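We have chain A; now place chain B onto it with these hints.
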Amino acid sequence: MLDDFFIRALIGGIGTALVTGPLGCFIIWRRLAYFGDTLSHSALLGVAIALLFEINITFAVFITSLIVAFSLLLLQRGRNLPSDTLLGMLAHSAIALGLVVLAFMTWVRVDLLGFLFGDILSITKTDIAVIWLGGLAVLVTLARIWRPLFAATVSAEIAKAEGLKPDYTNIIFMVMMALVIAISMKIVGVMLITALLIIPAAAARSFSSSPEQMALIAIIFGSIAVCFGLFGSLEFDTPAGPSIIVSTLLLFIVSILPNLFSIRKKKNSI
Amino acid sequence: MLHGKDKLVTLDNAGVFRSGRWLVKGITMSVGAGEIITLIGPNGSGKSTTAMIALGLLNIDEGTTYRKENLRVGYVPQKLSIDWTLPLTVNRFISLTKNISNKDIDFALSLTDTSHLQKKELRTLSGGELQRVLVARAIAVSPELLVLDEPVQGVDFNGEAKLYGLIEETKKRLNCGILLISHDLHMVMSATDQVICLNGHICCSGTPEVVTSSSEFKNLFGNKAASTIAVYQHNHNHEHSLDGSIKSKAINEDQRNHDLNHSKDKSHA
Numbered sequence: 014m015l016d017d018f019f020i021r022a023l024i025g026g027i028g029t030a031l032v033t034g035p036l037g038c039f040i041i042w043r044r045l046a047y048f049g050d051t052l053s054h055s056a057l058l059g060v061a062i063a064l065l066f067e068i069n070i071t072f073a074v075f076i077t078s079l080i081v082a083f084s085l086l087l088l089q090r091g092r093n094l095p096s097d098t099l100l101g102m103l104a105h106s107a108i109a110l111g112l113v114v115l116a117f118m119t120w121v122r123v124d125l126l127g128f129l130f131g132d133i134l135s136i137t138k139t140d141i142a143v144i145w146l147g148g149l150a151v152l153v154t155l156a157r158i159w160r161p162l163f164a165a166t167v168s169a170e171i172a173k174a175e176g177l178k179p180d181y182t183n184i185i186f187m188v189m190m191a192l193v194i195a196i197s198m199k200i201v202g203v204m205l206i207t208a209l210l211i212i213p214a215a216a217a218r219s220f221s222s223s224p225e226q227m228a229l230i231a232i233i234f235g236s237i238a239v240c241f242g243l244f245g246s247l248e249f250d251t252p253a254g255p256s257i258i259v260s261t262l263l264l265f266i267v268s269i270l271p272n273l274f275s276i277r278k279k280k281n282s283i
Numbered sequence: 251m252l253h254g255k256d257k258l259v260t261l262d263n264a265g266v267f268r269s270g271r272w273l274v275k276g277i278t279m280s281v282g283a284g285e286i287i288t289l290i291g292p293n294g295s296g297k298s299t300t301a302m303i304a305l306g307l308l309n310i311d312e313g314t315t316y317r318k319e320n321l322r323v324g325y326v327p328q329k330l331s332i333d334w335t336l337p338l339t340v341n342r343f344i345s346l347t348k349n350i351s352n353k354d355i356d357f358a359l360s361l362t363d364t365s366h367l368q369k370k371e372l373r374t375l376s377g378g379e380l381q382r383v384l385v386a387r388a389i390a391v392s393p394e395l396l397v398l399d400e401p402v403q404g405v406d407f408n409g410e411a412k413l414y415g416l417i418e419e420t421k422k423r424l425n426c427g428i429l430l431i432s433h434d435l436h437m438v439m440s441a442t443d444q445v446i447c448l449n450g451h452i453c454c455s456g457t458p459e460v461v462t463s464s465s466e467f468k469n470l471f472g473n474k475a476a477s478t479i480a481v482y483q484h485n486h487n488h489e490h491s492l493d494g495s496i497k498s499k500a501i502n503e504d505q506r507n508h509d510l511n512h513s514k515d516k517s518h519a
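Just so you know, the protein sequences line up as chains A and B, in that order.
In terms of this note's numbering, the first sequence opens at residue 14 and continues consecutively.
In terms of this note's numbering, the second sequence opens at residue 251 and continues consecutively.
Simulated from the structure, these hints should not be mistaken for laboratory data.
These figures come from a predicted structure and were not determined experimentally.
Possibly wrong hints are sitting among the right ones.
As the list claims (entries may be wrong) - Here are the simulated DSS-like cross-link-like pairs (lysine-lysine), alpha carbons at most 30 Å apart as the crow flies:
1) B/K369 - B/K318
2) B/K257 - A/K178
3) A/K178 - B/K353
4) B/K329 - B/K275
5) B/K348 - A/K178
6) B/K318 - B/K370
7) B/K318 - B/K422
8) B/K348 - B/K275
9) B/K275 - B/K353
10) A/K178 - B/K468
11) B/K329 - B/K353
12) B/K353 - B/K370
13) B/K370 - A/K138
14) B/K421 - B/K353
15) B/K422 - B/K353
16) B/K275 - A/K138
17) B/K329 - B/K348
18) B/K257 - B/K318
19) A/K138 - B/K353
20) A/K138 - B/K329
21) B/K353 - B/K318
22) A/K178 - B/K318
Pulled out of the complex, with its shape left as it was, chain A reads as follows (with noise of 0.2 Å):
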């Protein structure tokens, strides 16, 4: 079963929906979305770095995003710089540095689309295993901390003053969201992987009372808009990462369509 590309495709899809859907929602409760885009455009500059060194290239990216992420953390406690300055600009320098680096490296052909959009119909048994085993690692993680985390997301001087030590998990978060990011680059590639943490997040939002039933119905929403984007990309032929995306999109414009309509019919009734 396995050695076909597309059930591959399909498998190593929805393990990334698996975790992009409850990171995605502590992304935009958090208000993280830019953070998460520049996390994952380093990522580039971590490819680069892997075939300059001949590692792994998820390994690579893995800990390039690492420790981006740890240098905004201390730049950002410096308050120099507004962070969205701060952000868009190690964001797009990273792309910058990862395309001269590879550019350096004229012995090495890339698939830069590949890596820019996703190549998720070139997955293989090894790459389906480091999804679904990073995938299920970030999960337990997170079922463990998610108390302390949500509390710190609703206020960290609460959780703080509680005993609950955000610092600590955020410090589990920010380790999480680079191991998410280089799992999930081989599905939508580092442009689109934002986008794949916070639109079925973002959809979900609309049907959930509760931040569990929210996590819960954005894995859902993602997995169908892997299944769609895949199913989509093979019916018309056009690339499979930005299908996905463009399926999630399609769910969230579905989502907010009830609270639009409510929204005429009290004002009608007035």
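Quick look at chain B alone, frame taken from chain A:
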């Protein structure tokens, strides 16, 4: 005397230096079980800063702090903003930092008259409702130390009196220490054991009566404010009588005894 280990939190000559100036300096205070300490002072006088030092949210640059190990804290921060992306009902919010049984959630909400809000989303609450829910949550963790940073903001006058009554009742029920920040000069409770008047440092401290009659206090807030506090002291008595089951009777009494003299109040304090 401040280093007694029976105290929950002790600050000794604590100071915080940020961006080229001392936010607070020379703060020496402590909160013990069953004590209510009230911090008052003008805007920017370091009330919240002092509370944050006591909670361990801010690192001090001078002096020492002591906090009882594994101290169970309930904290009502000055502000909390919840935006649309976060689906959070009142019920779920109560057990934010600790698992709390449904029975205890119901009880905590009933104390602040917010039971009807249980299933509502936090972001849809009005300012006063949110404030009461915040207080309910802090009480529900059955804290040893309860820190309230301006808990009555946005709450109407009756609700304010009730909240102060509830704070006092909570102190008795849980025998917890309470650190209360108030910008309401006229609402310094007579139940307060010690009022600390801040303006970057401790201007004066003592029982409410001592503080309001001190010259430092009058300098800081002006004679008029000082007299306001004195006039309003009879309201503290209302809070007392509003507390608990005799509430409705108390309200009637309240109206009848509006001109109650102060000598009677002080027997309460």
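Status of the hints after comparison with the structure:
1. B/K369 - B/K318: violated (36 Å)
2. B/K257 - A/K178: holds (23 Å)
3. A/K178 - B/K353: holds (27 Å)
4. B/K329 - B/K275: At roughly 24 Å apart (the allowed maximum being 30 Å), B/K275 and B/K329 satisfy the hint.
5. B/K348 - A/K178: holds (13 Å)
6. B/K318 - B/K370: Outside the cut-off at roughly 36 Å; violated.
7. B/K318 - B/K422: Distance ~20 Å between B/K318 and B/K422 Cα, so the pair holds.
8. B/K348 - B/K275: violated (34 Å)
9. B/K275 - B/K353: With Cα atoms ~44 Å apart, B/K275 and B/K353 exceed 30 Å; violated.
10. A/K178 - B/K468: It is violated: about 42 Å lies between the C-alpha atoms, which goes past 30 Å.
11. B/K329 - B/K353: holds (27 Å)
12. B/K353 - B/K370: Satisfied, since the Cα-Cα distance of roughly 18 Å is no more than 30 Å.
13. B/K370 - A/K138: violated (47 Å)
14. B/K421 - B/K353: holds (20 Å)
15. B/K422 - B/K353: Within the cut-off at roughly 20 Å; holds.
16. B/K275 - A/K138: Cα-Cα ~63 Å, so violated.
17. B/K329 - B/K348: Within the cut-off at roughly 20 Å; holds.
18. B/K257 - B/K318: Measuring from Cα to Cα gives roughly 7 Å; hence the hint holds.
19. A/K138 - B/K353: violated (51 Å)
20. A/K138 - B/K329: violated (50 Å)
21. B/K353 - B/K318: holds (29 Å)
22. A/K178 - B/K318: holds (16 Å)
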